[in-house]
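Please work from the sequences and hints to get the whole structure.
Number of protein chains: 2
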Amino acid sequence: MYKKNIFTSWFKKNKRTGRKFMEKIKERALKLANKKIAFVGSVNENNVPNIKAMSVAKHHGLETFYFASSHSAIKTEHYKRNFNACIYFNDGPIYKELVLEGIMKIFNDIEMKKMAWKNDLKSAFKNGGIHDPDYCVLKFTAKKGHYHTEAFEID
Amino acid sequence: MYKKNIFTSWFKKNKRTGRKFMEKIKERALKLANKKIAFVGSVNENNVPNIKAMSVAKHHGLETFYFASSHSAIKTEHYKRNFNACIYFNDGPIYKELVLEGIMKIFNDIEMKKMAWKNDLKSAFKNGGIHDPDYCVLKFTAKKGHYHTEAFEID
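Listed in order, the protein sequences are those of chains A and B. Number 151 in numbering that gives the first Met the number 0 belongs to position 152 of the first sequence; there are no gaps in the numbering. Number 33 in numbering that gives the first Met the number 0 belongs to position 34 of the second sequence; there are no gaps in the numbering.
Since the hints were made in silico from the structure, they are not lab data. No residue lacks a Cβ here, since even glycine has one placed at the ideal position from N, Cα and C. There's no promise every hint is true.
[To be verified] Computed spacing ranges between beta-carbons, pair by pair:
1. B:SER122 to A:LYS34: 24 to 30 Å
2. B:ASP108 to A:LYS35: 38 to 44 Å
3. A:ASN45 to B:ARG27: 21 to 27 Å
4. A:ASN107 to B:GLY60: 40 to 46 Å
5. A:ASP90 to B:ILE109: 34 to 40 Å
6. A:HIS59 to B:ASP108: 43 to 49 Å
7. A:PRO92 to B:GLY128: 20 to 26 Å
8. A:THR63 to B:ASN45: 16 to 22 Å
9. A:LYS142 to B:LYS79: 21 to 27 Å
10. B:SER54 to A:LYS117: 29 to 35 Å
11. B:ARG80 to A:LYS34: 28 to 34 Å
12. A:ASN45 to B:SER71: 24 to 30 Å
13. A:LYS121 to B:SER71: 45 to 51 Å
14. B:GLY60 to A:GLU152: 40 to 46 Å
Have a look at this one:
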């Protein structure tokens, strides 16, 4: 909110166009994307948004993010109907925030499950751990983003 | 996620049914709802979810929450098309989380604007402060909620 008016001193000092500016924006966005916890958004069957904090298992830059999840989770059910998703990161002041818009797909292949696995998931997947049929991996692929008030495309 | 398996020791010790249990859940939910920052969810024109951190200007229990906002904010535009909304709070461990589902309405009346106003909004609304035509108030009314894995209705 207040997108037209509130800028940090950094924003004031910098011209808001050009390749260098966008590089700087993405650099700042990437710092937030390196955080361990993301707020993950989905849309339910009644077109109502939902939010859940999730641990990021792995990510590649601003492009792809992986999350350990389960088929029985509410969020996974949402993505089965509507793969539209966003992930949000923030840090300290309210304007230090990044939202990435994209799609979330559900994967069951063992290589991805191994990649996203952590030992503290054992208590959640008692029916075979990494082989528990309820265990799945959510892969988020970003299309575009907003760092604070600045929009950018994902290459 | 992992809704079937991960519970805190408190959840383990308590029977998961009955009025007393639900009262305890709502009490814990209310503690989170008293936090100053909410993560607010909307759905855009392409059916994609969006998340934004917002300061809570005022709230009544788990039922209603007010936010200072602007007509030109992306989120406000979303709510003009689709008033479905959620607000999310968390605190520390990932399972200490509350999501409320409901509707978000946009208000322009001066009493509500006064109620939600704070002096640090001056820099955002230079065209008359509290009388700036871009300034508006978002009112969220909850219908139901989830505290961690426990669902409840709002009376």
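Comparing the hints with the structure gives:
As the Cβ distance of SER122 (chain B) to LYS34 (chain A) is approximately 28 Å, the hint placing it in 24 to 30 Å holds. Hint check: ASP108 (chain B) to LYS35 (chain A), Cβ distance near 43 Å, so the stated range 38 to 44 Å holds. For the hinted restraint 21 to 27 Å between ASN45 (chain A) and ARG27 (chain B), the CB-CB distance of approximately 26 Å keeps it satisfied. The supplied range of 40 to 46 Å is met by ASN107 (chain A) and GLY60 (chain B), whose beta-carbon atoms lie about 42 Å from each other.
A hinted range of 34 to 40 Å holds for the C-beta pair ASP90 (chain A) and ILE109 (chain B), which are about 35 Å apart. Between HIS59 (chain A) and ASP108 (chain B) the Cβ separation comes to about 48 Å, which falls inside the hinted range of 43 to 49 Å. Under the hint 20 to 26 Å, the C-beta atoms of PRO92 (chain A) and GLY128 (chain B), about 22 Å apart, fit the expected range. Roughly 20 Å separates the CB atoms of THR63 (chain A) and ASN45 (chain B), a value that falls within the hinted 16 to 22 Å.
Taken as a hint, the range 21 to 27 Å holds for the pair LYS142 (chain A) and LYS79 (chain B), whose Cβ atoms sit roughly 23 Å apart. With their beta carbons about 34 Å apart, SER54 (chain B) and LYS117 (chain A) fall inside the hinted range of 29 to 35 Å. In this structure the hint that ARG80 (chain B) and LYS34 (chain A) lie 28 to 34 Å apart at CB holds, the actual value being about 31 Å. Against the hinted window of 24 to 30 Å, the Cβ-Cβ separation of ASN45 (chain A) and SER71 (chain B) comes to about 28 Å, which satisfies the hint.
At roughly 49 Å, the beta-carbon separation of LYS121 (chain A) and SER71 (chain B) lies within the given 45 to 51 Å, and the hint holds. One distance hint, 40 to 46 Å for the beta-carbon pair GLY60 (chain B) and GLU152 (chain A), holds here, with the actual separation near 42 Å.
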